[in-house]
Each structure stands twice: as structure tokens, then as C-alpha cells.
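*Asks:* Each chain, letter by letter, is given below.
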Amino acid sequence: MAAADPAAPGAPLVVTGRALSQGLERALTRLGEQKGHINELNVFPVPDGDTGTNMHLTLEAAWREVSQLPPDAPVSAVTKAAAHGSLMGARGNSGVILSQVLRGWSVSLREQDSLDPEGLAEALAEGSRVAYLAVKRPVEGTMLSVARDAARAARQALEKGADLPQLVEAVIAESWAAVERSRDQMEVLRDAGVVDAGGFGLAVILTAIGERVTGQAPERSGRARDEGAEISPGRSGVRVLGAAAAVAPEGGFGYCTEFALIGAELDPIEIRSRLGDDAEDDSALVVGEPGLLHVHLHTKEPWDLLVRAAQLGKIERLKVEDMTSQHQDAQARGRSPDQTLATRPLGVVAVAQGEGFRELLLGLGAAWVVEGGQGNNPSTEQLLQGVEDAGAEAVLLLPNNDNLVLGAEQAAELCVREAMVVPSHNLPQGIAALLAFDPGAPLQVNRHRMERAMEGVHAIEVTRAVRDSQLGDQKVVEGALIGLLDGRLVSSGSEVEPVVLSALGELPRGSVEVVTLYRGADVETEASERLEQAIRERFTELEVERHDGGQPLYQFIISAE
Amino acid sequence: MTVRIVTDSTCDLPESRRQAAGVVTVPLRLHFGDREFQDRVDMDDRQFLERLSSAKQPPRTSQPPPGDFERAYRRLLADPADEVVSIHIAAALSGTVGSATVAAQAVDPHRIHVVDSRTVSLGTGFQVLAAVELADQGRSAQEIVEALSSMSHRTGIICLLDTLRFLQLGGRIGRVQAILGSALSIKPLISLGEDGAVIPIGRVRSRKVGMLRLSELLVEHRPLTRCGVLYVGDPVDAEHLLRDARGTFPGMDILLQHASPVIGAHCGPGTVAYCYLESRS
Chain A
1 MAAADPAAPG
11 APLVVTGRAL
21 SQGLERALTR
31 LGEQKGHINE
41 LNVFPVPDGD
51 TGTNMHLTLE
61 AAWREVSQLP
71 PDAPVSAVTK
81 AAAHGSLMGA
91 RGNSGVILSQ
101 VLRGWSVSLR
111 EQDSLDPEGL
121 AEALAEGSRV
131 AYLAVKRPVE
141 GTMLSVARDA
151 ARAARQALEK
161 GADLPQLVEA
171 VIAESWAAVE
181 RSRDQMEVLR
191 DAGVVDAGGF
201 GLAVILTAIG
211 ERVTGQAPER
221 SGRARDEGAE
231 ISPGRSGVRV
241 LGAAAAVAPE
251 GGFGYCTEFA
261 LIGAELDPIE
271 IRSRLGDDAE
281 DDSALVVGEP
291 GLLHVHLHTK
301 EPWDLLVRAA
311 QLGKIERLKV
321 EDMTSQHQDA
331 QARGRSPDQT
341 LATRPLGVVA
351 VAQGEGFREL
361 LLGLGAAWVV
371 EGGQGNNPST
381 EQLLQGVEDA
391 GAEAVLLLPN
401 NDNLVLGAEQ
411 AAELCVREAM
421 VVPSHNLPQG
431 IAALLAFDPG
441 APLQVNRHRM
451 ERAMEGVHAI
461 EVTRAVRDSQ
471 LGDQKVVEGA
481 LIGLLDGRLV
491 SSGSEVEPVV
501 LSALGELPRG
511 SVEVVTLYRG
521 ADVETEASER
531 LEQAIRERFT
541 ELEVERHDGG
551 QPLYQFIISA
561 E
Chain B
1 MTVRIVTDST
11 CDLPESRRQA
21 AGVVTVPLRL
31 HFGDREFQDR
41 VDMDDRQFLE
51 RLSSAKQPPR
61 TSQPPPGDFE
71 RAYRRLLADP
81 ADEVVSIHIA
91 AALSGTVGSA
101 TVAAQAVDPH
111 RIHVVDSRTV
121 SLGTGFQVLA
131 AVELADQGRS
141 AQEIVEALSS
151 MSHRTGIICL
161 LDTLRFLQLG
171 GRIGRVQAIL
181 GSALSIKPLI
191 SLGEDGAVIP
201 IGRVRSRKVG
211 MLRLSELLVE
221 HRPLTRCGVL
231 YVGDPVDAEH
241 LLRDARGTFP
251 GMDILLQHAS
261 PVIGAHCGPG
271 TVAYCYLESR
281 S
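Quick mapping for you: the protein sequence lines, in order, are chains A and B. Per our numbering, the first sequence starts with residue 1, numbered consecutively. Per our numbering, the second sequence starts with residue 1, numbered consecutively.
It is worth saying that the hints were derived from the structure and are not from the lab. Cβ atoms here follow ideal geometry from the backbone N, Cα and C, with glycine treated the same way. One or more hints might be untrue.
Going by beta-carbon spacing under 7 Å, a handful of chain A positions derived as facing chain B [stated by the list, open to error]:
| id | residue |
| --- | --- |
| 1 | Leu435 |
| 2 | Glu513 |
| 3 | Leu542 |
| 4 | Glu545 |
| 5 | Glu561 |
From chain B, some residues computed to sit far from chain A (all C-beta separations above 10 Å) [unchecked claim]:
| id | residue |
| --- | --- |
| 6 | Thr2 |
| 7 | Asp44 |
| 8 | Asp82 |
| 9 | Gly202 |
| 10 | Arg205 |
| 11 | Ser206 |
| 12 | Thr248 |
Listed next, with one range per pair, are the computed distances between beta-carbon atoms [unchecked claim]:
| id | chain 1 | residue 1 | chain 2 | residue 2 | range |
| --- | --- | --- | --- | --- | --- |
| 13 | B | Gly67 | A | Ala441 | 30 to 36 Å |
| 14 | A | Gln474 | B | His221 | 49 to 55 Å |
| 15 | B | Arg46 | A | Glu541 | 21 to 27 Å |
| 16 | B | Arg280 | A | Leu443 | 40 to 46 Å |
| 17 | B | Gly251 | A | Asp277 | 56 to 62 Å |
| 18 | B | Arg280 | A | Ile315 | 50 to 56 Å |
| 19 | B | Arg165 | A | Gly510 | 24 to 30 Å |
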């Protein structure tokens, strides 16, 4: 059965919504087969087998929405469903970037019933463009480069007059070539002799969709082999999705009105005009994508606004606040605590794994702890739920993991509450940030103070290598203990103490005063005591503290500050 | 007519300065076990630190008995034209103001004016210095009291403790309780509220970060008229803070003082602090 349906005899082949939907299903299957392999593509042999799993879970969320569509749904509906599903289900940085690629496709194809070579080339270009926007500091040799190079190949093929199968073949070939190039584009990858895991995952997806829509399995040129690596975009974040809020004066007191608008088949600019004058006011915020929008504006007549909004889509997470009485409420609240008012003005939501860490974070004043971390990244939706569960009007999010920073940024953008991310890359940073939290200070001030507090906090993580690798001229065998200092592999060995001591030795003398050991779930108390003793003996000037973190995978997480 | 200034041992002004200004100082009391000491009279900083390190029980402190104030007031008021302004540690922290008031009632409530400084240590000390200056200018006791009442909200202390233990043992924990409840050992930054009660202003894990924070916080109170550095125990970190403050406020006469044993008993060794008097805006 040919998957690509001829639009008319002799005319160029086009891709129907059904074929694209089947392509996505095939991509999900392929990614499922490959995810273990992609998980192994890590620059460092740490057990953060996330990239493959995260991309798979993200694509699965996309597919769940696509599979609800009628079989004859047009291409526009398929890509929209995929974009929406992946946006809510995005996990990890790689998942977020993938969701943005799908979002770009959906924006580009919003009026297309089917896909011709021109439409395909444009969708790939838009997917690449939107994904680049999501990352503040894009890096060569990642999923982004694969998306961009694939789009460029499509454009070039189109200019040469390629038909659909030829164009698809060019895209697939170029995406794998880009994956291959990633090995040389980043120093960490070159040193480790691997390719980028996220790029590899995207190439798998493009290949599977391409094979399905053209009904053939094109030759893979330069198929990347068993090595690769995920490059985390580091301290990057997601920009505002959709229309940006413009700047203009705000007219007097009224009602602060916020809601999510589900299912409105219009872009944010159109929504603004349909919602009326208040929404067209430049201080109003209408962001997101058609079908899932976040509206935040001030109006004197929220009832009229809501009537108009209800005609456009389903209103969820509605919050209307009388700004005039808000002020008085805030003053009254201090004097007579209202038991029915469960909300606090400002709260911290932290992500952590391990009962010890959970209790510690709550003890330090976190309003809510979302379960998750290394190897178990919560989805954007789960982070959003955490923000809701915190019972706070405004929220500061501590992702506490490299791979959750983008997802947290996305959750902060999508949530109806005022939310900001303090980009903590590990739990020691998160705890330092939380210590600086002052519930009485404004959100912005807190974010600034918390980011400042994270500076100068070093994290040492001790875990077991999940595959053989190289540390300088030293070979690290699978199963060996390894020490990572601020995410960088610095030591290895068969015993915990030398691995930790040598990692601590990497820190400039005098820069550290307090070392805190957080014992993992599988470590005996005695081992923790021995480590404390060893550190005290070697570094006599340090204060050493021991706690139970209860985290999986990591024997020890150590903060040095 | 002369206005005489009385204070207590917790004002932490150098003895030479107090003597030169003719300020009379009434000592608070310190108890190690059954033994009672007069703050800074029969126990100095070094003796205090030695005793503290070997004490089985934490020391306790108490206000001076009213009799001490009575004696001082009677001596100062021998001339019927003279008046007394008696400036003391915040009533929220100590019963000293109470003792002084009882004594004033007994001696001559019209000529003795007891002032709650609403702060502690050099914060009180700066009010004492201001009162001395005003008295030298020939101001009446009533005028001095009015000037001080507008000054108390401009004086402050920001303090880094090495541990919350001493504050806790001394029962002066106040709202700082809120930052307990954590398994982690943290170094609290504290200050005093409007009424002089202890309030938390931050928490850090290392001294170095805490000291940086203190210096940052001090800058927020600019412009300053007076500034001082206070410590308990080792002076090294306090000297560091002194250098920071000199950099920020060049030319200012900045005091570096060991806290009186009574203050030390509540803050514990390792405490460092800035005391300041903000300029009138």
C-alpha cells in the first residue's frame, strides 16, 4: 500500500493527514526501539538515561492526541494535535525542543489539508526556526543543528525541482549527516568520540516519518553508530510562545483576569481582536499556541470578556481578582488569618528525588516538592500540576536538574499563575537558593537573590559509570564509581572515598567552607560516616555535615560551598 | 543645669570614650552556675570566653537590680538643677529599662528620663554618644529624649551568628523560630524589629557568604552617620568587616568592639555584626 496518495494522476505526490499520522506512529515505534540506545549516548557515563526516554515520552504524548483524530483529519489537524500533545507532555530539554519543532510544523501547516514538497520544506524550516527560539544560546552540534540542516536540505532539493520522495530522501540523508557532524562540532563530543543524542533522536523521527509518507525505506547515508551524546543546552530557557506582550499604559483599577483558553482555533493576534478592547490593550498577555492559550489581562468588565472568550474555546483555570480590594485584603490578611484562604502570596516549588531531600526542602520552606530528577524527568504537565498544588499565588520553580531547566521554563510560561524559574542545575544549588528565599519579598527580588545564592555552590555527584569511557588518559570501566564536579567528570575509582577526595581536591583551596554529604538510598550509614571521616582528615579546615538524601542512582550528592 | 547620661554595660562603647564623656555605666549581671558576675566589671571578654568554653551549663543573664540605678541616680542628682537621661538596651530584650524606671520612680521621676533605645550594643551606644553631644550643647533632658526618640528608628544592627544555639538557650529567639525546623545547620542573619525584638533577615551555610551579605546589607542603609563592628571571640572576621566598611564609608570613625559578655552569652562565639546610625534623610 502506498502511503502517499496521488492528488491527481500525473500530479506530484502529496502527503495526507492520515499518512502523516501513521508516520508519527511509526516514529514513536522507532524511537521506542531506539530509546535505550539513545539513552546510552551520553558525554559522561552517568546513569541519566534521559534523552531517549524523554523524547519517546514527549512523542508519545503527541501521538496520544493525534490518535484521537478521525482517520480523515487534515494535515493541519494532525500537526496541531501533535504540537499540543507534545507541549503538555514535554520532558527534559530534549522533549521541550522536540515539542517546539512540532509546534513550528503546526504553525506552518495550519491551513494545509495535505503536504506537498513546498509545504514540507516550509514546515521543516519553521520547525527549526521555532526550536531555535526556544533555546537562549543555541549550540552547534545538537538537535537544533539537525533540524536546521534537514530544513536546508529540503529547501535545496525543492529548488532543484525534487518531487516528494526525492525531497524526503534528501532530508533523511542530511539529518544523519548532521548527526555525524555533531561529533566534531562540540569538543565534549569529539573527546568522548560520540554523536549528539538529541540529534540522533530527531534523525530517527524524521526518518520514520519520511519512510512512511513516501512508502519506502530510503538508504541511510552515514547512519551514526553506537555513540552519541546529548548536549544539554545548559542555562537556556524557553522564550514566550506565540505573540509577545507589548508595552503600553494600563487604564486604572479593575479586575485582574487570567485563564487558559483551550481549543480556540485562532492565533494569539486573532484572539486578541476577538476578545475585545481590553485584550487589545498592550498590557494584555495572550501567549501560547492556537488551541492552548494563556490569557492574562486587566479589565473593568471581566463578565463581558469571559462571554466572548467562552465563544472561542473552553475556559480553564480561571482566576478573576478585584484589584481594588486586593490591596485591602493583603493588609487585612496579616491581622486576621483567614482559614479558608489556603493560598500564600509566594511559594517555592522544587523538584527532587529521595525522601530525605523532600523533607529537607519542605523544612527549608518549599511549598511543594515535585517528585523527579535524574532518569525520571517530570513532564511539563507534572511541573504545571506542582505549581498548582503549591497553593501559592506566585511561584518560584527550582528544577534542581540540568535536564529540567527548559521544562520548568515552559511550565512557567504556560501556567496561569505568575511563575519564574530559578535555574538550579542540581540539588545543592537548589538548597542554597531556597535558603535565600524570603516569602515577604517580591518575586523578582527573590529570583535575583536566589540566583545570587547559587553562585559559589559546587555540586559533587558520585555514581556508577553505565558504560566504559575515558577520563584523560585513564580508562573508566562500566560499573566503576565516578565523581562529577558541577556536571564534569573529574574522578573515578572503585571506592567512594578516593573518588570524592579527588573531586574535592579540584576545588580551589579556600573557596569552600562547608561540605554537606547527602547519602543515597542504597548507601549504608557507615559508608557515609567513613566518608565524613576521610574528608575531615584530608581537609582539616572544612566543616562536614551528613544527611540522608535518599536519592536513587547517586551514592552521594555533595554540596561544597 | 547639667544633663547627665546613664547607660548600661551592653552599650559596648569603649570605656575610654564613656569616661571621657562622663557617662555612667550600670552593669547587667551574668550567672555561670551559682556564681554571679557584673558585666564588664568583674568579668572581661577573655574571662568570659574561657568560662563559656568550659561551662557545663549555659550562662544566664539578668538586668541590673534597681538599687544599682538608684545609687547612680542619687549620686548624679546631688545638684537639684541637674537631670539624668538613662539610655538602655531594648525593653523587648531585657528588663533593664524596667529596673531603671523603678529606680527613677523612687529617686525623682521628674528629673530622670529613662529611654528604651529599642536596639542593642553599639546601636544603643550611638544614641548615648548623640545624647552626650546634645547635653554638651546645653540641651535640656526633654529635648534630648525627643531627639533620641526620632533616632531609634535610624539605629540598627545586622548580625551573623555562627549558630542559633545561644539565642535559643537564652530564650531570645523570637520570630527567628521560623527559620529553624531544618535539619541543615545554617548560620542565621538576624536583626532587630521596630520594637527591638529579634527578627530573622536571612540564612546562609557559610561564614564567608554570610559576611558578604552583611556588607551588602550595610550598604543598603546608606548614608550613615555612625558605624561600628561588633564581634564575640576571634576578631579576624570582624577586622575583615571593618576593612569593608572603611572602603564603603571612607573617613568615617568606625568602632571595632568585642561585645559585652552579656551580649556574647546570647549570640555566642563567632558572632559578627554591623551596628549603624543612618543619617537623617
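*Asks:* Hint by hint, say whether it matches the structure.
*Replies:* Hint check results:
no. : hint                             : verdict
1   : Leu435                           : 5 Å, holds
2   : Glu513                           : 4 Å, holds
3   : Leu542                           : 10 Å, violated
4   : Glu545                           : 6 Å, holds
5   : Glu561                           : 5 Å, holds
6   : Thr2                             : 46 Å, holds
7   : Asp44                            : 29 Å, holds
8   : Asp82                            : 46 Å, holds
9   : Gly202                           : 7 Å, violated
10  : Arg205                           : 5 Å, violated
11  : Ser206                           : 4 Å, violated
12  : Thr248                           : 19 Å, holds
13  : B:Gly67 to A:Ala441: 30 to 36 Å  : 47 Å, violated
14  : A:Gln474 to B:His221: 49 to 55 Å : 53 Å, holds
15  : B:Arg46 to A:Glu541: 21 to 27 Å  : 25 Å, holds
16  : B:Arg280 to A:Leu443: 40 to 46 Å : 33 Å, violated
17  : B:Gly251 to A:Asp277: 56 to 62 Å : 59 Å, holds
18  : B:Arg280 to A:Ile315: 50 to 56 Å : 54 Å, holds
19  : B:Arg165 to A:Gly510: 24 to 30 Å : 27 Å, holds
Hint compliance for this structure: hints 3, 9, 10, 11, 13 and 16 are broken, all remaining hints hold.
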